[in-house]
Every structure is written in C-alpha cells, then in structure tokens.
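Enquirer: Chains as they are written, first to last, in our numbering: chain A, 41 to 614; chain B, 74 to 680.
One or more hints might be untrue.
No more than 16 Å apart at the CA atoms, straight line, and that leaves these computed lysine to aspartate or glutamate pairs for EDC-like [said to hold, decoys possible]:
no.: 1; chain 1: B; residue 1: Lys128; chain 2: B; residue 2: Glu168
no.: 2; chain 1: A; residue 1: Lys557; chain 2: B; residue 2: Glu329
no.: 3; chain 1: B; residue 1: Lys327; chain 2: A; residue 2: Glu562
no.: 4; chain 1: A; residue 1: Lys467; chain 2: B; residue 2: Glu329
no.: 5; chain 1: A; residue 1: Lys576; chain 2: B; residue 2: Asp96
no.: 6; chain 1: B; residue 1: Lys327; chain 2: A; residue 2: Glu563
These are computed hints drawn from the structure, not numbers from a lab.
One letter stands for each residue in the lines below.
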Amino acid sequence: MVCSWGGYTFIINLIPMHVLLCIVTGRFSSRLYIAYAPLVVLGTLLAALVPVVGFNAVMTSEHFASFLVFIIIHVVAFVYYIKGILSPKMFKVAVTLVVSVGLAVCCAVIAVLIALVASSPTKGWSGRSLSLLDPTYASKYIPIIASVSEHQPPTWPSYFMDINVLAFLVPAGIIACFLPLSDASSFVVLYIATSVYFSGVMVRLMLVLAPAACITSGIALSQAFDVFTGSIKFQLTGASSNTEVDAAETSSSTAESQTDAVKTEKPEETAKNRPSRKSKKKEREHGEKPSTEAKAEKKRLLALPLESSVISLLLLVLLGAFYVVHCVWAAAEAYSAPSIVLTSRSHDGLHVFDDFREAYAWLRHNTDVDDKVASWWDYGYQTTAMANRTVIVDNNTWNNTHIATVGTAMSSPERAAWEIFHSLDVKYVLVVFGGLVGYPSDDINKFLWMVRIGGGVFPHIKEPDYLRDGQYRIDSQATPTMLNCLMYKLSYYRFVETDGKGFDRVRQTEIGKKYFKLTHFEEAFTTHHWMVRIYKLKPPKNRIRGKTKKSKSKTSSTTSSPKRSGTKKKNPWQ
Amino acid sequence: MESFRFCFLMLTIAILASPALSDLVLSKVDRRIYLTSHIVRISSTMKVENAGSEKESKVLLAFPEQQAKNMAYLIATPHEGKGKGKNPVVALPVEAANPKDMPAALTLYSVSLPKGLAEGDSFTFDVLAVFTHALRPIPEQITQADIQLVLYQDSAHYLSPYAVKVQSLSVKLPDSRIESYTKLENTKIHGSEIKYGPYENIPSFSYSPIAVHFESNLPFAVAHELVREIEISHWGNVQVTEHYKLIHGGAQSKGEFSRLDFQARPNVRGASAFRYLVANLPPRAHSVYYRDEIGNISTSHLRGDSKKTELLIEPRYPMFGGWRTAFTIGYGLPLQDFLFESDGKRFLNITFSSPMVELVIDALIVKVVLPEGSSDISVAAPFPVEQWQETKISHLDIDGRPVVVLKKTNVVPEHNQFFQVYYHFSQLSMLREPLMLISGFFFFFVACIVYMHADISISKSSASYLAKQQWEEVQAVIQQVQNIISRCLTTHDNLEASLRDLSRTGNIQACKAARKAADGLLKELSKELKPLLTFLQSSPSAAQVEELVAKERELQEKVMVKHSTVVDGYEKKLGARDIENRVALQQQKLTALRQEVDDLLEFIDEI
C-alpha cells in the first residue's frame, strides 16, 4: 500500500492503536506479539524501500506511533516472560526495581523526543496529516493542500451517495461487534470509528471509510440473516417435532395445550439459557436436531414468529437488491464517468465533450517531442500520459515551489509570465477554459488558488490585488491586476468575438476586458468547445543595439542575438 | 525551379538529335490530366501505327525522371471505344524497359501489344498513369486564412520516343480559380478545364513545359505509414486492423490557429484543412472501431447497406497543413466472403490497400496472419511487392502463427485490388486450442483432486505430522463414540415409545420384549465402546468423552429403572395416575440427564 498511496499512514497508525487497546484491556498474547512485531520491522523496511517514503519511514511523526507501540509490546512481552520464570515474590521485587529505573529512563527519553519533535516547525507531521488532526490547518498554512477539492470536508449527501444504506447498517454492525467483543471485532470497531472521523475531514478519505463500512454492515446483515433464518428453520422443524411432544404429553394423559407446556417449562429453561447464551451458534445447531426436543423448546423462545421473520428476510433481500442497483448506478454515473470525457444530454441526444483528449492528441502529434508544456498542475499527469510531453508541474505536489512558480506566472502580466516560462524552457502553455460551454472546473475558477500558492512563495503576488472588495470577479468591476494577468488573457483571448458580448457561462457575467491582443503568446490550438486552449510562446525578440540597455535585466537566453541584430537593419518583430 | 526546367528543356533538345528508336508513329494522342484530387491521374488514349517494314510488338512509353519518381501506378489497356472498362484481365503487360541508346533522364516502360503490328497496321490503347506528390504547394507555408495554391508541371507536347502526328491535352482542375498557367499557342480555357492543342506533327522527344498554378482545397491526406493486419480465424472471422499515421500533405500551416475563425467561417479560414475521411469498407463488415492510443474517438459515423459499408471518420482535430495524427480502425469480416478453397488449398482473396477514399500511402505494410499450423504459403499479388514471413505469437499459440508481410511504397487507390494468399490448413488444427484449454482445465482439476487426496508431507516422522495424524485418529474414534452414544439414545427413545404403547394398549408382553431387545443392544454397544475408550485414554479430550459415557450410563440406568417401574405398575394394575406419580421424580432426573448428555455431545462435536 505504501507504493500506491500516502494513505498508508492510516493503517500504520490504526494497527498500533489496536495493539495498544489489546494490551490495555489485558488481551496480550503471544499471537498478538507474533503478528505485530514482524509487521513493524518488515513493514518499515519495505516502506523505506519506496523512494517517496525513504527515510521518512523512521523520521516523521506519522510513523512514531508504531515504534512506540513496538517498544511497549516488547516491554509487556518481557514482563510476561519474567513473570513466568520468577516466583511471585521475586517478581514483585523485580517490578519495583524495574519500574523505578524504567520511569527515570522513560522520562529522559520522552523529554528528548519532545524536544526533537518540537524543534521542527510542523512538529514532524506532514501537512496532510496535520490537516487531518486539525481540519482548519491546511486552509491557514498550506494552500496547495486546501486547493484540492478532494481535501475538502464532504457534505452529508455525499455520504448517502457513496455508502447509501450502509450508513444505516453500520451502527447495527458496531453493536453486533460488541456482542461478543473479541480481538478481531474490537479492531473493526476501532477501524470504523477512526475512518468515520477521517472521512469527515477529507472527501478522499471516503476511500478509507468504504471498506470499514462494508465490513461492519456485512456483519450486521449476517447477524440479521442468522436470526431470521434461524427462527424460520426452527419454526419449520418445530412443527414436525411438536407432534412428538404432543404424543409424549398425551401419554401422561394430561391434556395440556402446547402453549401451556411452553409456559410451564419457561422459567427453568430461561434459567438454563443464560449460561449457555455465550455462543448462540451452539443453540442454533441444537434447534436443528429433532432428537433434542427440550432444546428446541428453548430455541423457540428466541425465535421470532415465522411470518415476521420471512417478511423481514424479504425486506433485507430487497434492501440488498436496491443497494446493488444503487451501486451499479453510482459506479456507472459517478465513478466510471471519466472526468476527461464529458457528456451532456440534450433534447437531440447525447453530446460528447471530448476536448481534453482532442488537445492532448494535438500536442502529441503536432509538437516536438522535447517541447515542454506548462499548465496548472491538475493537468500534469494527463498531459504526460496522453500527450506524451514533458510538463513543468504535475499532480504529485511535493514540489510546492515549482507549482508556486507556475501559479506566479499565471497570475503575472504577460511579459513577466513570458519571462518565467521562457526561463523554464516552456514552449506551450495550456489553459482550461469552460466559459463557452459552461464547464465549471476550469482554470479561472481555480485561479485564486494559483494566486494563493504563488503568493505563498513569491510575496509580490498578493491575493487582495485580484479581489475587488474581497470578491473574486472577472467582470468590469474586476481589478486591473486581474484583468491583465496571463490567465485572464489566455482564457478570454478573442472570446468576445464568439457572441459579441463576451458572456461567460460559468461566471454568468460579461467579462471585464473584452478586446486585447497577445504580444508574447500566440494561439496554437483551441479545441472544439474551447475547453482547452494551447498557446505557444513567441520566440524571444531580437535585440537592437540601441535598445539592449532596456532588456539587460532579462533572463532570456538571447545571447547570440545582439550580433545578429547588428547585421540586420530592421527588427522584424517591431 | 525555372532554371531546372530550362536545363531540362536543353536536355530534351539534345535528345532530339538522337535517332528514333523504331519506325512506329503515334498517329493520335489524347491526354487528359486530372488534377481534381491530390493524386494526379493522366489518362491517355494513343493510336500507334507502324510506318516501318518490320513487325513491332512493343511500344515504349517515356516519362521524365521527375515524374517517374512519383509514379505510383501505370496500366495500359486496349481501347474499347466509349464503354471504357478497366478490366485487369485484359490489361496489356507493361514492364520497365531499358534500351541502350536512351538518355538517362527518361524512364521508359514498354507495352506489349496483343499481337504484333505489321506494316501499316494501327492499334489504339489507353494508358493510365497515377502520380503522387506531383502537386507542389506554392507558397509552401500558408496561414489559416490563406488559400492553398498548388503548382503542377508537365509538358504540352507528349514526350515520346516516337513522332506524334496529332495530339491534344486537357487539364482538369478542381475549380475555375486559377492563379496562372502557361499560355502556348492553341490554349483554351473552359471553366475549370485548360486545353492545349491540338498540335500536329510534333517530332519525337519534344518537350514543351507548362505549369499550372491553381487553388486546390482538396484533402491532401497522406498516410506516412499504414500497417494493415489481416487476421484469419477459421471460426468464421477475418479481422482487419489498420494503423494509420496520417499527415496533411499540403502547404504547411504557419502562425496562429484560431478556432474562432475556423468555426465562424470554416470555408474561408481553414479551407485547406480537412475534417473527415471516408472509408468504404466491404459489405457485412461488423464490429467496427475507431480509436487511437488514448482511447475511442467518438466522432465517426457508420452507414451500411448490402453493397458496402461506409465509415466516415473525423480525426480528433481538423487537419491543417503539416498536422499529423495517428489512429487505428478495425473491423471484422465474415470468413466465407473472403476465404475460398481450390485444389485442396485454401486461399484468402482480399483487397490489398486501404479502404480510404483518395488516400496516398507512402509505405504500406500488409500483414496476413494465418492460423497456427498453416503451411505451404504462397502469395499472388497483381503488382510487384516486397514480401517476407514472420511469426506472431498470440493467445494459446505454441509455435506462433505464420505471418505473410507484404510491403509496398507509394500506394494509391488504384492499388486496391484483390490479392491472394494460398495455404494449407487442416480442419483438425482448429480444435487444437479448445482441446488445449479443455485438457488444461482437466489436468488442473485432476491435480486439485490428487492434492486433496494425497499425503504429500515431506517428513513422515516429524512431530507435527505425527500429532496431526494422531489427532485425526482421535477424531475418528470420537466420531465412533458419538455414533454409539446416539444409538444408545435412540434405544432409550424406543424404550420410551414402548412405554407409551403400553399406556395406550396395555400390552405388557410387547413392552417386555422391547425391554429385552434394548438390553441386548445396549450391552452390545457398551462392548463396542470399551476398546474405543481405552484408545482415547491418552488423548486430551478423554475427560469429556468419559464424562459423556458416564452420564450416558447413568441415563441408561435411570431409563431402565423408570421402565421397570412403569412395567411393574402395569403388572400390578395400578392406576395411571399412580404410576405417573411414581415416575415423576425419575422423569425429572431423566430430562436433566438427557440435557447434560446432549450438551456434552454437542461440545464434543465442536472439538
């Protein structure tokens, strides 16, 4: 799991928690030790082999819990071992000795650890983990984490959308887990409790909740089926055995009715019931044996009436069937529908918006293999995989500075942006624009995050410059900084000519600056519905001898141009 | 270019000095140059006359090197008047000729006439020559708004090693917008057609260059490379997969591409671009797909009737000059339409080239994948192709399927002719793969069965193995014990039943008999039980088993006592109520004991 997802920290904290719980509740056994100690050792070694994790597996606080519990379990195991070889008296002496020495050592170690952890700014926790522990953390300090829609807390409807009836079965499952609380069921309870909390903090951790919810509701369903089928079975077999019971009773010529017999036997039966309640299974098997009539009588008391259990069974099956239908629907509509190919249903049938792939295919076939493409990081992996071109930033968001650089370029005016992109050896800039067809998750809507992330590293980008009275707008009320930034220009270049007004269907407003020209970029490709627009950086201008002073500060790599421009009289670009 | 043409002219003039090859004379030549597509087709009707005395059977056709380089296809057919049928069966054999005294700048082909021409005889035949890349875009780079202009160069006079008596030339253009054209004497223009001639009595090797510079916005679709894979499955399908690498071969586009302009005025801004291609697939084509490396391309339409299937595909983006794209189309065809049998050999008869309309293919590779086990493979193609063999390993293949690879460069739609691949294939080989699967699963299940039944532990003397075996034995014994106990219990039940009978019928004798039988049975059972118990002595569950047996004994005794009491009571003719009272206490104990025995049985059952 370490290979695939950072969510593994959940597991490596959950397991120690469970082990700790077992130890505290006195359920320590050699099995627990055998299961846990190798897991920590091997797990840490294997995790450290994954390049992303590396030494983080022993250095960050996320992994600390497992080591702490590792130490504790060894201490406990040692204590049990000592207890086994020493006489009780000696053991007491040893305990006092060890406890006094151990406490001192522990205090010292803990003090050192706290000092170490406290010395690092994030207390050794990574940003994502911290935002889990403190849901407001990310929005305060790390915009790049807060900017991802997956990192937002989910809404209530999304719970019902994602786990549907399981939401109601989970509490029942938790209760079922408690009935006989074993090591395994305590783990399930712990798992569901923590995952519910985490899914409440971030939408994407719904992924962690899903298996837990499935397990607990499975337990709940299985228990329910157990009870219902058990009682049905009893009622059916009971009917046949009742005749025998009746016969026995008539032999003693006491014409007691069947219900009376039940009543008379009731007190003693229930008394017997209690001790043997521990394992319901036993009793159930009992009920099946026609030879044990007395038992069957006992069973009858736990049984529900035949009709109600049959109806409940049918209802449960129906519930399951509806859930399956819902799952198929959700899998088809919500999960499988790729976010890269969009569809809309109109009166004349299905309309496909395949603009992303159109743009990526264009990049793939009509640009040089070495060309670099700059876009917001959301499209990084897609560009790499589908367009087969090098990107500047992609969805692995470790390198915050790099993303901030692109964010800064997007929020800078054209010339500054051109310089940044040119210094990054970028040939093409890709922006996603939904204004023409009303595709809401486009770059203009994400733009504030670019400003924030960019501003986090390059302080000359200030968020208030892009907001008018704290409001983000792109209409005529927008700030000049906003209307002159690269993102605005690349998105709305020649947009006004489509309808004459420049009405943005996502923002539901007319754009602020309608007619403008690009000086450092040229439109290279725009897809059918304008959803992806690709711009090419114009080559650097030739320098003219008289004007070299002006562009001295430029970082652009036009080293050979002065010589050439010397021979040329006229600069073709001016 | 101009200077080159001039050189060429000088060269041809030099050629003029060389003597005529033979005494043939072309009495009439009608040439029609079709520039209505990016594939240039020159169709000429020639009447050849033998002016000499010797019998001639070959006519030479000359092409300047410049043209010959681009020539994709050349066919000569006897002239059949108006009803022009290009029947390949009657095509005249054409082969490259290389007479000694010909200048190097000319490439010559000789047409063999069906029968030799005697003195004064004449023969009329048609020649169709197809050229690719013969239209040169000028200017070479255009913006989106520009129209695409192309230049075509040829000679107004028919270049021939023979003297031509009467000749005419007409050039058909896509439309009447002509930038410029060479004006010679007798040049007429009718709408989109330029006519040169007629010219009379032109000597051999005469060359009079003309150039036509005209607007052409036709799709310049060129496939750089096309790999066609035709896979035969004798289960009833011929699967064709075509991988295209397409380029717009016209003028390179430069500068901005504006979607706005393209959408607003597609015929003006982006006239040179093409948006779609049409493929005429064979009839009854099914499972058609159109995709590229990043998935299905949703912009395609399929129309089909009994004669053909028309597939209209749109690339992901409009193709402007110099833009490239790559895609794959695939379709399945019914086997019986394409695979036939003759003289014990099977042969595939399928078209060679791409089904796309007006597509030039620079390099075409046709791979025919035959079923595994085919042998004696031979290919019959209507024109020369490069060929070799490969093998392809696919699903469930052992030694791979034989693949015939045919390669041809410079392919035009005229090459879309049927070719044949002959091979031997035994019908039994078809069963190979299903049998393989069946036997594979069979052996898998057999292995599973063997595994479940065989004892495959390595060390027969290891502690765990012995313990396991012992445990199994113990379990078997416990099972036996359980059986015996349950038989005891049924005996008890029988006794009870006999008591009930007694109360109903009062038949004491029967009851006693039942008692006797039960006694005997129980004795037997306890005898059986003994060795088992001694065996179980050492096992961990011995205590429970012993307890069970003890309880059962007790129960047995109680039942006996009860039975005797009741029987006694009946014998003494006591009232039913009385007997009931006597037995009541025993009955209670009995139920309690029975309960315990049942519990124990269940407990043991769970071990």
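Enquirer: Give a verdict on every hint.
Expert: Do the hints match the structure? See the list:
no., hint, in the structure
1, B:Lys128 with B:Glu168, "violated (20 Å)"
2, A:Lys557 with B:Glu329, "holds (13 Å)"
3, B:Lys327 with A:Glu562, "holds (11 Å)"
4, A:Lys467 with B:Glu329, "holds (14 Å)"
5, A:Lys576 with B:Asp96, "violated (65 Å)"
6, B:Lys327 with A:Glu563, "holds (11 Å)"
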